[in-house]
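Note that the protein sequences, when read in sequence, are chains A and V.
So that you can map any letter, position 52 of the first sequence is 52 in the UniProt record's numbering, and since no number is skipped, the others follow by simple counting.
So that you can map any letter, position 202 of the second sequence is 202 in the UniProt record's numbering, and since no number is skipped, the others follow by simple counting.
Hints in this document: simulated from the structure, not taken from any laboratory.
Treat the hints with caution; some may be incorrect.
[Stated by the list, open to error] When the alpha-carbon atoms are kept at most 25 angstroms apart in a straight line, the in silico SDA-like pairs for lysine to any residue are as follows:
#1 Lys-20(V) to Glu-4(V)
#2 Lys-244(V) to Gln-324(V)
#3 Lys-76(A) to Tyr-99(A)
#4 Lys-21(V) to Ser-11(A)
#5 Lys-76(A) to Arg-173(V)
#6 Lys-23(V) to Asp-12(A)
#7 Lys-20(V) to Arg-20(A)
#8 Lys-287(V) to Ser-252(V)
#9 Lys-20(V) to Cys-8(A)
#10 Lys-20(V) to Asp-71(A)
#11 Lys-39(V) to Pro-222(V)
#12 Lys-26(A) to Glu-4(V)
The structure displayed is predicted, hence computed values, not measured ones.
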Amino acid sequence: MTDWVYACAASDIDQEDLIRWDYHGKSYAIYNTERGFFATDGMCTHEAQHLEDGLVTGMVIECPLHQGRFDILTGKALSAPVCVDLQTYPVKVEAGRIYVKI
Amino acid sequence: MTSEYVATNAASSGISVDRKKLKSLGRRSDRPGLVWLAKWAVLMTAGVLAVHFTWGTPWAVLSMGFYAFVLTVPAYALSHETAHGTAFRTRWLNELMLWVSSFLYFGEPYHRRYAHTSHHTKTWHVGDDAQMPFDTPMTFGGWLSEQSGLLLFWYEGKIIVAHAFGIVGSEARRYTPEGEIRRLILGARLFLVGYVLVGAAIAAGQTWLLIYFVIPRVLGGPAMQFFTTIQHAELQENDPSIVKSTRSFAPSALNRFLYMNMNNHIEHHLYPQIPFYSLPDLHDVVKDQLPAPDPGLIRTNLELLGVVIRRSLGRNTKAPTIRQAPHMITSGGFEPIARASMR
Ligand code: FES
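Next up, chain A with everything else stripped away, as it sits in the complex (with noise of 0.2 angstroms):
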């Protein structure tokens, strides 16, 4: 069962940047990209650490740890260290309300 969940606004994210979303002890990340709002898991598939002081450059997120490199549309695994994909999530903004669907 799946809903349609409100995380914050969509003035809360700078352009080309994310911000951390912590929802019924889950961790998420939601983007402002050049091609809109996305939203994946927090936590980096390498190691233990949160993508929220990562670095978007174009449609892509860098791993602060290790810079391990993920496709935010599609949360693809780019480059090493990280080979395991992503989860994504779709979003919605509403009034400048982001809401994500999990």
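For this one, chain A is given, so just place chain V with the ligand on it according to the hints.
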């Protein structure tokens, strides 16, 4: 991991930087890396020409020393920076340079990258950090073998040969994701073939490879060690704080260039996502939260040498100025803490 997972970085060290500032420091560009490469090429060309025109004369000792220095230190530094993926914005350029510099440095790139992740996850933690190159506290014997640069050939060479034959030990499996083991093997095979070809070419009379690659790389080993040995020597093992485990120092402009600003080593471990060209700016931003850098390359190494000699003689091990963890300073005798993980 032998201990609870707390990655060693800025958060575990109690250091913070404004998020916007950090983001701007982390921005990637190809330009600084290309400019660095062009300058390195100029130095290398100068070295090659100097060796060429002095070969057979006593001046060759000097020119070879210069060439060995400008070949080996940057090869190490570029291999390290590209292993992080931070040298260039363009990914293929970063990876190409990783392979080229790692071949010069003598370390298979995939293994180099994965082993280095453990060095950042648990910096200077015994049993977790796969890149602790010497026993701690360091003795004169340990310094001598480390400083020769030869142990690195033994360690990396062993890995290349074993992995090339499909033998991947438990240590490498600890820090390499299961699905990537085949890459370690592939990389090692390519490197083994590469080095065998170099050897075969030399045996077949291509002596220029000996003069411009093998000899300067071996001679450059000790020079490179002057930069790398002091990164963590005499500092605190098994501590979440990078400030306690790691040393920054203040070398000359030439050495900062050759080492790609990695003299800002505390800063690099706090925020490994910051590319080499932004490390001086990062230093300016965090310097009020950090101890002052130790002195220059020669002074810091000389003080370290004095300490390890006195330790081996059972004398007082207090260094004149460089930072030391409290347990490194004794008036004689010491408790062994770490066994080198690179053997
Ligand atoms: S924890 Fe993210 S790349 Fe290693």
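Going through the hints against the structure:
no.: 1; hint: Lys-20(V) to Glu-4(V); result: violated, 30 angstroms
no.: 2; hint: Lys-244(V) to Gln-324(V); result: holds, 9 angstroms
no.: 3; hint: Lys-76(A) to Tyr-99(A); result: holds, 22 angstroms
no.: 4; hint: Lys-21(V) to Ser-11(A); result: holds, 19 angstroms
no.: 5; hint: Lys-76(A) to Arg-173(V); result: holds, 23 angstroms
no.: 6; hint: Lys-23(V) to Asp-12(A); result: holds, 16 angstroms
no.: 7; hint: Lys-20(V) to Arg-20(A); result: holds, 15 angstroms
no.: 8; hint: Lys-287(V) to Ser-252(V); result: holds, 18 angstroms
no.: 9; hint: Lys-20(V) to Cys-8(A); result: holds, 19 angstroms
no.: 10; hint: Lys-20(V) to Asp-71(A); result: holds, 22 angstroms
no.: 11; hint: Lys-39(V) to Pro-222(V); result: holds, 23 angstroms
no.: 12; hint: Lys-26(A) to Glu-4(V); result: holds, 20 angstroms
Going down the numbered hints, you'll see the structure goes against just number 1.
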